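Just so you know, the protein sequences line up as chains A and B, in that order.
Start counting the first sequence at 1; every next residue gets the next number (the working numbering).
Start counting the second sequence at 388; every next residue gets the next number (the working numbering).
These are calculated hints, taken from the structure and not from any lab test.
Keep in mind the model is a prediction, meaning the values are calculated, not measured.
Each statement offered as a hint is correct.
Here are the simulated DSSO-like pairs of lysine-lysine, each with C-alpha atoms no more than 30 Å apart in a straight line:
(1) A:Lys350 to B:Lys514
(2) B:Lys394 to A:Lys152
(3) B:Lys505 to A:Lys350
For reference, the chains in residue letters:
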Amino acid sequence: MNSLTGWEIALQIGIQFTPVWVALAITLAASMYYKDRLGLYGHLFDSRVGITGLIIVLFWAFTAIFADLVATHDALSQIASMKNKKPGTQIRNAADGIYQYYLLGGDNLARDIFSRMVMGSRSVMIIAPAATAFAFMVGITLGLPAGFRGGKFDTSISFLANLVLAFPVILLFFLLVTPEIRATGVPLVLAGVLFLFPIVFFVVLFQSRFYTQPMKRNVYVATTLVLGFWAYSGLAFNADPLGVFYMDPNLLNIFVSVVFVNSPTVFRIVRGLALDIKTRDYVAAAQTRGEGSWYIMLWEILPNARGPLIVDFCLRIGYTTILLGTLGFFGLGVSPESPDWGMTINEGRKLMSIYPHLAIPPAVALMSLVLGLNLLADGLREQSLKD
Amino acid sequence: MWLFLLKRTGLMFITALCLTFVVFFLTNLYPNLEKLAKTEGNMRMTDQQVEQWLDTRGYSQPMLKRYGEWLGVVPSYRYVGADGNERGRCIKPGMDPAIAPNYCGVLQGDFGFSSVFKVDVSTIINKRLGLTGWLMLFVMIVMIPMALLIGVLAGMREGSKLDRSLSSFSIVTTATPEYVSGVVFIVIFASSAVGLRWFKGSATSAMTEITFANFTLPVMTMAFYGMGYVARMTRASMAEVMTAQYIRTARLKGVSFGNIVVKHALRNALIAPFTVIMLQFPWLLTGVVIVETLFNYKGFGWVLVQAASNNDIELLLSCSVVAVIVVLITQLISDIGYVFLNPRIRMS
Numbered sequence: 001m002n003s004l005t006g007w008e009i010a011l012q013i014g015i016q017f018t019p020v021w022v023a024l025a026i027t028l029a030a031s032m033y034y035k036d037r038l039g040l041y042g043h044l045f046d047s048r049v050g051i052t053g054l055i056i057v058l059f060w061a062f063t064a065i066f067a068d069l070v071a072t073h074d075a076l077s078q079i080a081s082m083k084n085k086k087p088g089t090q091i092r093n094a095a096d097g098i099y100q101y102y103l104l105g106g107d108n109l110a111r112d113i114f115s116r117m118v119m120g121s122r123s124v125m126i127i128a129p130a131a132t133a134f135a136f137m138v139g140i141t142l143g144l145p146a147g148f149r150g151g152k153f154d155t156s157i158s159f160l161a162n163l164v165l166a167f168p169v170i171l172l173f174f175l176l177v178t179p180e181i182r183a184t185g186v187p188l189v190l191a192g193v194l195f196l197f198p199i200v201f202f203v204v205l206f207q208s209r210f211y212t213q214p215m216k217r218n219v220y221v222a223t224t225l226v227l228g229f230w231a232y233s234g235l236a237f238n239a240d241p242l243g244v245f246y247m248d249p250n251l252l253n254i255f256v257s258v259v260f261v262n263s264p265t266v267f268r269i270v271r272g273l274a275l276d277i278k279t280r281d282y283v284a285a286a287q288t289r290g291e292g293s294w295y296i297m298l299w300e301i302l303p304n305a306r307g308p309l310i311v312d313f314c315l316r317i318g319y320t321t322i323l324l325g326t327l328g329f330f331g332l333g334v335s336p337e338s339p340d341w342g343m344t345i346n347e348g349r350k351l352m353s354i355y356p357h358l359a360i361p362p363a364v365a366l367m368s369l370v371l372g373l374n375l376l377a378d379g380l381r382e383q384s385l386k387d
Numbered sequence: 388m389w390l391f392l393l394k395r396t397g398l399m400f401i402t403a404l405c406l407t408f409v410v411f412f413l414t415n416l417y418p419n420l421e422k423l424a425k426t427e428g429n430m431r432m433t434d435q436q437v438e439q440w441l442d443t444r445g446y447s448q449p450m451l452k453r454y455g456e457w458l459g460v461v462p463s464y465r466y467v468g469a470d471g472n473e474r475g476r477c478i479k480p481g482m483d484p485a486i487a488p489n490y491c492g493v494l495q496g497d498f499g500f501s502s503v504f505k506v507d508v509s510t511i512i513n514k515r516l517g518l519t520g521w522l523m524l525f526v527m528i529v530m531i532p533m534a535l536l537i538g539v540l541a542g543m544r545e546g547s548k549l550d551r552s553l554s555s556f557s558i559v560t561t562a563t564p565e566y567v568s569g570v571v572f573i574v575i576f577a578s579s580a581v582g583l584r585w586f587k588g589s590a591t592s593a594m595t596e597i598t599f600a601n602f603t604l605p606v607m608t609m610a611f612y613g614m615g616y617v618a619r620m621t622r623a624s625m626a627e628v629m630t631a632q633y634i635r636t637a638r639l640k641g642v643s644f645g646n647i648v649v650k651h652a653l654r655n656a657l658i659a660p661f662t663v664i665m666l667q668f669p670w671l672l673t674g675v676v677i678v679e680t681l682f683n684y685k686g687f688g689w690v691l692v693q694a695a696s697n698n699d700i701e702l703l704l705s706c707s708v709v710a711v712i713v714v715l716i717t718q719l720i721s722d723i724g725y726v727f728l729n730p731r732i733r734m735s
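Same shape as in the complex, but just chain B (with noise of 0.2 Å):
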């Protein structure tokens, strides 16, 4: 078992550091730095007065050993600035050039700096992820008792009229992403020309206080997507259960319905929905830019948009390493989980 989980856990590390490499890689292109320098500086620059601006700040060393900076292994770059201080990504604005450390990366807790919002990155990514942390409890909270009780329903009595309308209604749930039944949702309850207004259109005042109202849409849009698959893979797993010798021994005795399908197949069958759950969080982070796009909700995928649209290196970076370690670390959990919940998989 310790084996088992530290080779899984070792693999992990090698997939972040490789993932990372490769955001870092891809967010500082020379098209992105130049980019940065102009915003940074000048626009009117010409290139030679960026290749200085990039020159003096670093830029322009070798990529590993910026990642390596970056990532607090190698020390960090220094230069003389125009005023003759000494300057680097270490040293903040106040501090004395002789006692900053010399490594200040990732791993030292230091996520740099944010060239848009101009404050400390780990910052905004705290305060960001906890409201989206706020969106998907809530999401969660709907979106898994109804899955599975959806597919549950369906696949104890395969063929029935249940299953084929319960299954058509999670076909139809997998076929409308998130942008469409957030479109329909906000026509339908919010907006002025069908009437209804039961709910807000937009979540942002659901940033200092969540009410029923400006939190249901958003929640309701993104459960609906990702419910359908959930649903549709308990009902896949349950049918498989109800089929199974000792169901039938269990019907013979004569056990009741019900009793069978609580007691006996219930535990069996949600084996397989735990990984897809765990698994779906990668797709729930599309879900949440999107959602917080639409609703204006200003957490993790909202600041993502930001960074990514207004080349905000450090904050990009940041951003998709949480994201890159948030998936790593749900794909461990279904591994580890299916393991213990399913004791005929010998761990090996």
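Isolated chain A (complex conformation) (with noise of 0.2 Å):
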């Protein structure tokens, strides 16, 4: 029985993230080397608070993909004489071709917990960037036209979205995300109605554009209408004929809250910008040309708001993350058995003040991504403002 000791373990680690390594620094070395062709990505170059902040999301979203390789044992998999061992001890009696060491130590279920904060990411690396792209979807498509039109349309919206804002985030969870709604189809109703968005948003996209090209604008029109109910019949009602898409139910309720939740900060925001830049000169312009409206909104204004918006788009990850991980401590996570981070948090705080160690790397985990989020959100918004 040799343990490993401090120095050892942040070695060994370091040895199981070589692929993230590589993979970060081919990124790294690629993006310095055409730097002045990336316009804002390059930029983001020349902030050390956005340089530290990318290279912390990029070591998760490629710690996401390569999980595999870098976790040294299953997530799931239990080796009994490992419950709740310190950080580094070696596996008695270890089989053949396994690894040698828990790096992390072992939790209260004689997992290994490196491997289980390891691939804790990948849900949150999924998850959290595709509801918080969901959500801008839908303020997109709502907030433009409320801002660039006004009139009932923007007053009721603007209630609406008001109305969910004063809704504390806490009480809107305990009662969406429950077994029990899931029999009532609530859920169903609310992914069926915010799943539409994402569709509406890319056909009116190409509509307005290419409308005077009616054979380029039915191409478009059609691939997007045809991948999208594909998708939609799969995500949203589990119906897909193909069974590509799908997504547990469980998923789907955490997914449709926290898309709902986020959507009317975003309708605020993108409204806001909207009133602010239909005032422009080129919006003017696009008027006298005769441009239709959609096209103003979406080819003039969209491209002109995009500085703020990507700023909020990588603060609402972080917060999205933070919202997940809180759904994950009052055990309303993906599964109970998966190694979602707030769920690990969870199980770790009981025996917090016997073993410290089981609660620790899920949470540093956590806020290094947000932190590492936070960062890039604040490197971008300081270059952007510079253009």
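Two chains, two separate frames, one set of hints: put the complex together.
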């Protein structure tokens, strides 16, 4: 029985992350080389804050991609002798071919904490950006006309948005993310409505741009509709005829709630930006040219609002990550066995005063990811203000 | 001014009505009622028995009518129980049905009966809100001065070393949700593993007597997360004020830097953070729920979790009403306060 010391653990973990380091080095080197041609992303490399943030975010993104290579054990398999063992403990009578140590110790069910932390990054790095992207589609599709046209539509949607915003988030989660509510179909209805927005967004996007070239327009719109409704049927109603798109009902529930909570804020931001930008000269010029209002909204206003929106997108992914963690913390996470960070923290905290190593790795992981996103947003804001 | 107030309050009431109806709808969905019937009646009830149980107790009336009853604008439902006595929401145990009031909803001050704690909901809410009030008070006392101080110090000389380090600190705090910082704090300050043992890892004893040892960690945990956001807003606002013309004039006149910051810039720079602090309240509720669960402090957030996980419909409803009203009132205060503090904004 020889356990690893602190430095050896750090070294071993560093070695385990090799694929991530390689990918990180390649990406950063390539980006530095082509820096001048990459627009806002390239400018990011001029700010120390932005670079730090980018490195942290990329680190977790690559960890999620290479999770199978990085993890030393299966996230769910248990080795009975390793229950609550300290970081760096060697596995007694380890079978051939498996990794000899539990690098960050074993948890209460004798699973490897390091592997669980690594595998946990996967669900976060998929759900958080995807949910944020959906929230942005909803917010943009509703916010642009609300700000640009105003009137009754604006009043009613703004009222609805304020309604959702006045609702304490945690309460909404307790009401929406329960096993009982799935039986009533409320999440399905919400999914049915919210998942329509991306399709509407892209159809309008192509229609407004290419309606003078019917051939091109038909191709784009038709592709969007086919792909969109294919994914829609699978994701929202689990009725995909080919079985490619599928979402676990519990996951769908969480996903929909997170999108629902985020969209009103995005709506408010987009509406404010649209109100501001619609007074600019280039909008007036487009109106004089006789462009349709959707063209102006999506191809004149939206591109010019991209700076603040990209910054908010980064911040919002971080916020969504925190929300997902909160859900996991209250046991409302994806599934009870999954290595979700919030859930692991919640399991670990019960034994915290005796075995602190259970809860710390996922806590630090979650914090560093959110920190990276916040720094990235800060760097982007700094650089986009310079333009 | 009065018209503005009236409009805002009117809108607030409509919002409150809509929100309470949504909560009522979501808590009274059929699966929840079915669960209620089974816990109150018999776990092995058949579907038919469940339906009958709900029928006799008036749970299968239209949703809007039941919402009206709960609100206290529709006479509440009465039925004859198995023992031949008339029963209903308004008829308390041991009360003569003939003299019981017809309306007993939230408007009459009757919040119902908790099916888990077996006490009046209003008693629970009063007691728990008081406990949470203490927590919030201490969080505010710690958080606001620190956040404002950090923000002002960082914003008065934009780009300086002090600014950079304080800004980094506030970014770190905004990236550390309560369930992360709480866990880290407990491990460092309360566990036997590190051995500092300065504070207690549980705040249960703070419910009867607040001491430095049992209340520091929960307060610190909550203040830590909220602080960064307020500090960043203060910094942005302070930095903007410091570039204003009148500050330059003051400098050219030879006013000392300290005097400029304290006497000229500070007041204008604190308008924006005021609204931000008020709007922090809905966020703080999430924090309260997490911190109270983490430190086992049985306040309002703890009750909310209990009500939600035990399907205690009336209690959850009342908790939601309280939460929603707190949020709406803080929004109103922030709107009015903003107008008062900032004379450049016209009321209309």
